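Spelled out from the first residue to the last, the chains are:
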Amino acid sequence: MACTVHLGSPLRQYTGGAATVSANGATLDEILTDLDRRFPGMRFRMIDEQQRIRSHIRIFIGTDAAQDLQRAVAPRQSVHLLCALSGG
Amino acid sequence: MPLSEAELRRYSRHLSLPEIGIAGQEKLRSARVLVIGTGGLGSPAALYLAAGGIGQLGVLDFDRVDESNLQRQVLYDSASIGMPKADLARTRLSALNPELQVRAHQTELCAANVQRIFQDYDVIVDGSDRIATRYLVNDACVIYRKTLVSAAIHRFEGQAMTYVPGRGPCYRCLFAQIAEGVAPSCAEAGVLGALPGVLGAIQATEAIKVVLGVGEPLIGRLLTYDALEMRFQELRFTRRIDCAVCGEHPSITRPQDPAGFCSVEELRQVRSISAAELAQRMRAAGQPIRLIDVREPQEFAADHLPGAINIPLGAIEQQQRQLAHAGSVIFICRSGVRSRRACAIAHRLGVAGAWQLEGGLAAWQAQIDPSLRLP
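If you're matching them up, the sequences are chains A and B in order.
Sequence positions in the first sequence follow my numbering and run 1 to 88.
Sequence positions in the second sequence follow my numbering and run 89 to 463.
In short, the hints are calculated from the structure, not lab data.
Accuracy of the hints is not assured; some may be wrong.
Unchecked claim - Partial list, derived from the structure: chain A residues whose beta carbon lies under 10 Å from chain B:
| hint | residue |
| --- | --- |
| 1 | Thr-20 |
| 2 | Phe-44 |
| 3 | Glu-49 |
| 4 | His-80 |
| 5 | Leu-85 |
To be verified - Stretch by stretch, here's where chain B covers chain A in the computed footprint (C-beta under 8 Å, at least three residues):
| hint | stretch |
| --- | --- |
| 6 | 8-16 |
| 7 | 59-73 |
Claimed, not checked - The following label-pair restraints were derived from C-beta to C-beta distances:
| hint | chain 1 | residue 1 | chain 2 | residue 2 | range |
| --- | --- | --- | --- | --- | --- |
| 8 | A | Arg-52 | B | Ala-94 | 56 to 62 Å |
| 9 | A | Arg-52 | B | Glu-405 | 23 to 29 Å |
| 10 | B | Ser-182 | A | Thr-15 | 42 to 48 Å |
For clarity, every value in this text was computed on a predicted model and none was experimentally measured.
Glycine is no exception: its CB is placed at the ideal position from the N, C-alpha and C atoms.
Could you put together the complete structure from these sequences and hints?
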């Protein structure tokens, strides 16, 4: 079942500028893998070699922060992938 | 002292609000608020804070007005180009509301001056455009128990949050650590001129609410704004018990400059080389070039230029002996921010032939080698 993924502005370079995309998967890990299959390089931008979320990235399932890639994502739940911004 | 007749007239629309009234307006007049950075965010934030009657208002900026600022930095006009921002901001804000005490700090915030500057204020509005400053401001607010209203912008997107001591998570709880250059600046990425108007007004609103003690500040809530989609989103996060500054066992107990901190003046003096020029020099025979990639080891491991060695930015200062005999060195990072800093440090250490790759590996990838893998 697909869920809706909202992308922070710096991540949209992978999606041709699209702010929202759909992705398949029952867990966060599966969703990120599905995104990387369609938008190569996107997962590595967010997840390091030790499978940890990079410190300038925050992921939210619905409106709550998620730290664990194995967190389940319910069908039709939204996922937000956010990057730290520095502009002022 | 009760509000004067002039103040009663000026703030009449505030006084009509039961949430403010005369007592609230007197609180605003007694408030001490500092705006860090009088650029895109700081301009509207400071204007609304001054118009709203914040009695003691500080504005801090080291920079001078550039023509490219005028697209969004509404404190200034065409006659301002080349003039010091903080001093101009004080003049403009004092003209808007002459009853206020407006203080200009025409300086760069650093660990050495943050306590002295912050001691005169209760609420800090952060509109800076450097990651290093964002962490310095956050840590100082936690350590000196100041309220922080933070916002940041990028292209068409903005984020805002509020930290109140003892009441919720700080900025480090949201983003534990960010290397310089990972989060691009407005100069690198571009920004919609009206975007900071929205976020700066939100910052002023938050500061005023906190002073008045009304409503629900953005504590533990990150407000995101997407101007293209015209959508606001509220995302929740909590205090981290392992936070380096507000956690149970903080490792940061006094404000500190990050490794590789350089003044703006040092950064301005750095020499740059374009991706095309570097490619040409690498192809030219008999011209050995020392390439030092200052990204983190995991970024370097993902991919790097042939012949480059990895010395992360945080370790550059410890490499004085190695650098002193290096001859010509070109520093490289992802986008050109960290390499500029490394280059400034190398100059400080006495390396005469130091350059940095303008636009970093992102420029190399765009102009020379699209197959380069960048995290």
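Quick rundown of the hints versus the structure:
A cut of 10 Å between beta carbons decides the hint on A/Thr-20: the least distance to chain B is about 8 Å, and the hint holds. Given hint, A/Phe-44 at the interface with chain B, holds; its Cβ is 5 Å from that chain's nearest Cβ, closer than 10 Å. A cut of 10 Å between beta carbons decides the hint on A/Glu-49: the least distance to chain B is about 6 Å, and the hint holds. Hint status for A/His-80: holds, given a least beta-carbon distance of 6 Å to chain B, under 10 Å.
Using the Cβ-Cβ criterion of 10 Å, the hint placing A/Leu-85 at the interface with chain B is satisfied: the shortest such distance is roughly 4 Å. Evaluation of the coverage hint for the stretch 8-16 of chain A: fulfilled, as 3 residues show C-beta separations to chain B shorter than 8 Å, against a requirement of three. Under a criterion of three residues with beta carbons nearer than 8 Å to beta carbons of chain B, the stated coverage of the stretch 59-73 of chain A is upheld, 4 such residues being counted. For A/Arg-52 and B/Ala-94, the hinted distance range of 56 to 62 Å is satisfied, since their beta carbons lie about 58 Å from each other.
Our hint of 23 to 29 Å for A/Arg-52 and B/Glu-405 holds, since their Cβ atoms are close to 27 Å apart. The beta-carbon spacing between B/Ser-182 and A/Thr-15, approximately 47 Å, falls within the hinted interval of 42 to 48 Å.
Of the numbered hints stated above, none is contradicted by the structure.
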